[in-house]
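Colleague: Chains as they are written, first to last, in my numbering: chain W, 1 to 111; chain F, 1001 to 1111.
I should point out that these hints are in silico values taken from the structure, not numbers from a laboratory. Nothing here was measured: the structure is a model prediction, and the numbers come from that model. It is possible that some hints are incorrect.
Unchecked claim - Result set (DSSO-like, lysine-lysine): computed pairs, CA atoms no more than 27 Å apart in a straight line:
hint : chain 1 : residue 1 : chain 2 : residue 2
1    : W       : LYS44     : F       : LYS1036
2    : W       : LYS44     : W       : LYS57
3    : W       : LYS44     : F       : LYS1070
4    : W       : LYS14     : F       : LYS1036
5    : F       : LYS1070   : F       : LYS1051
6    : W       : LYS9      : F       : LYS1070
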Amino acid sequence: NAGVTQTPKFRILKIGQSMTLQCAQDMNHNYMYWYRQDPGMGLKLIYYSVGAGITDKGEVPNGYNVSRSTTEDFPLRLELAAPSQTSVYFCASHSGSTEAFFGQGTRLTVV
Amino acid sequence: GQQLNQSPQSMFIQEGEDVSMNCTSSSIFNTWLWYKQDPGEGPVLLIALYKAGELTSNGRLTAQFGITRKDSFLNISASIPSDVGIYFCAGQLWPTDKLIFGTGTRLQVFP
């Protein structure tokens, strides 16, 4: 089983560039989440989705966008990268009252 | 918004000591989950709790789902150096199943 797959694993962006972080799960989970984790800190929720076609803001949505056109995929878009978006990004998914599975993370540096 | 208060924030203990951490909230949860995160990795599930009052063990780890459904604790007995990491509680809110994470407990074990 692939579980939750995030790509890329690492990326360096210049200020003002845009990119999409990919997240895919093959477990038919309805819930998907994007978190960012700054060094030594906890997980902050950026956006989440309770099913295809439905997305909602988390604690720190500014500077990001998401879409959920399929159950499997939940891409996170950065339109104008800023140094404050340097972080490690985690995607997670679950279904109903079951454990959440995490991807391996995307380490993003904005210079 | 919904919050999970996790304590302590950090712990510095000697190898062989027992550890206890907990999470509390004013909201009701369907499920409690405890995760561990090693440096550079995504969180990995340690224990899942699905019923109020449930007490579950996984090796040296024991966790309980509080009777009120608003809290949970995790105990680690006879700590060893590889227990070092960040421990997160997470709860799935009633009735939406939305996942909420605690702020994490950073554990350091000294030989």
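Colleague: So, for every hint listed, does it hold in this structure?
Modeller: Hint check:
Distance restraint check for LYS44 (chain W) and LYS1036 (chain F): the Cα-Cα separation of roughly 16 Å lies within the 27 Å cut-off, and the hinted pair is therefore satisfied. Taking the CA atoms of LYS44 (chain W) and LYS57 (chain W), the gap is about 11 Å. The hint holds against a cut of 27 Å. Of the supplied pair hints, the one linking LYS44 (chain W) and LYS1070 (chain F) holds, its CA atoms being roughly 21 Å apart against a limit of 27 Å. Straight-line distance between C-alpha atoms of LYS14 (chain W) and LYS1036 (chain F) comes to about 32 Å, which puts the hinted pair past the 27 Å bound.
Of the supplied pair hints, the one linking LYS1070 (chain F) and LYS1051 (chain F) holds, its CA atoms being roughly 12 Å apart against a limit of 27 Å. Taking the CA atoms of LYS9 (chain W) and LYS1070 (chain F), the gap is near 36 Å; set against the 27 Å cutoff, the hint is violated.
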